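*Asks:* Sequence:
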Amino acid sequence: MKVEKMLQDTRNYLDITYEDNDTDVKLLGIIRRGADYLDRVAGTPQDYDTDSAAKSLLLDYCRYARNNALELFEQNFRAELIMLRIGVQTGEYAERQE
Numbered sequence: 406m407k408v409e410k411m412l413q414d415t416r417n418y419l420d421i422t423y424e425d426n427d428t429d430v431k432l433l434g435i436i437r438r439g440a441d442y443l444d445r446v447a448g449t450p451q452d453y454d455t456d457s458a459a460k461s462l463l464l465d466y467c468r469y470a471r472n473n474a475l476e477l478f479e480q481n482f483r484a485e486l487i488m489l490r491i492g493v494q495t496g497e498y499a500e501r502q503e
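Residue 503 is where the sequence shown ends in my numbering, and the numbering goes up by one at each step.
By construction, these hints were calculated from the structure, which means they are not laboratory data. None of these values were measured; they are calculated from a predicted model. All C-beta atoms in this analysis are idealised placements derived from N, C-alpha and C, irrespective of residue type, glycine included. Where hints are given, some of them may not hold.
[To be verified] Computed spacing ranges between beta-carbons, pair by pair: (1) Gly448 - Asn481: 19 to 29 Å; (2) Gly492 - Leu433: 23 to 33 Å; (3) Lys431 - Glu503: 20 to 30 Å; (4) Ala484 - Val408: 21 to 31 Å; (5) Tyr423 - Glu503: 42 to 52 Å; (6) Tyr423 - Ala458: 22 to 32 Å; (7) Leu477 - Asp444: 30 to 40 Å; (8) Asp427 - Thr495: 37 to 47 Å; (9) Gln502 - Thr422: 45 to 55 Å; (10) Lys407 - Asn472: 30 to 40 Å; (11) Met488 - Thr428: 48 to 58 Å; (12) Gln502 - Asp429: 39 to 49 Å; (13) Arg483 - Ile421: 22 to 32 Å; (14) Met406 - Glu485: 11 to 21 Å.
Go ahead and model the full structure; you've got the sequences and the hints to work with.
*Replies:* This is how it looks when you write it as C-alpha cells:
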C-alpha cells in the first residue's frame, strides 16, 4: 500500500482540509490497523492502491474509527465484509481449477 497516497485519500474522504501532523499520525495508525483488519477478514492482503471494494471498506473503517464508532463498523458493513471474503475465496478456487 502506498501509505502517503492512502493518507491523502483518507484526508479527502473525511473532509480534513487543514494540515496537522498529529492528525496525520493518528490517521496513519487507523489506516494501518484497518488494513490489517481487512486483510485478516479477507484472508489475504488486499490492494488498497486502486479503487476497489477493499479500499472503500478501508476508508469507511477510518471514518468509523475517527468518530469513535468502530464497534458499529462490522455490524453495519457485515454484508460487504462477507462479500470481500467470498471474492477472495472465489478467486482462489478459480486459480486451483486452472
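*Asks:* Evaluate each hint against the coordinates.
*Replies:* Here is how each hint holds up against the structure:
no.	hint	result
1	Gly448 - Asn481: 19 to 29 Å	holds, 21 Å
2	Gly492 - Leu433: 23 to 33 Å	holds, 27 Å
3	Lys431 - Glu503: 20 to 30 Å	violated, 44 Å
4	Ala484 - Val408: 21 to 31 Å	holds, 28 Å
5	Tyr423 - Glu503: 42 to 52 Å	holds, 50 Å
6	Tyr423 - Ala458: 22 to 32 Å	holds, 30 Å
7	Leu477 - Asp444: 30 to 40 Å	violated, 21 Å
8	Asp427 - Thr495: 37 to 47 Å	holds, 41 Å
9	Gln502 - Thr422: 45 to 55 Å	holds, 48 Å
10	Lys407 - Asn472: 30 to 40 Å	violated, 25 Å
11	Met488 - Thr428: 48 to 58 Å	violated, 31 Å
12	Gln502 - Asp429: 39 to 49 Å	holds, 44 Å
13	Arg483 - Ile421: 22 to 32 Å	holds, 27 Å
14	Met406 - Glu485: 11 to 21 Å	holds, 19 Å
The earlier numbered hints that this structure contradicts are 3, 7, 10, 11.
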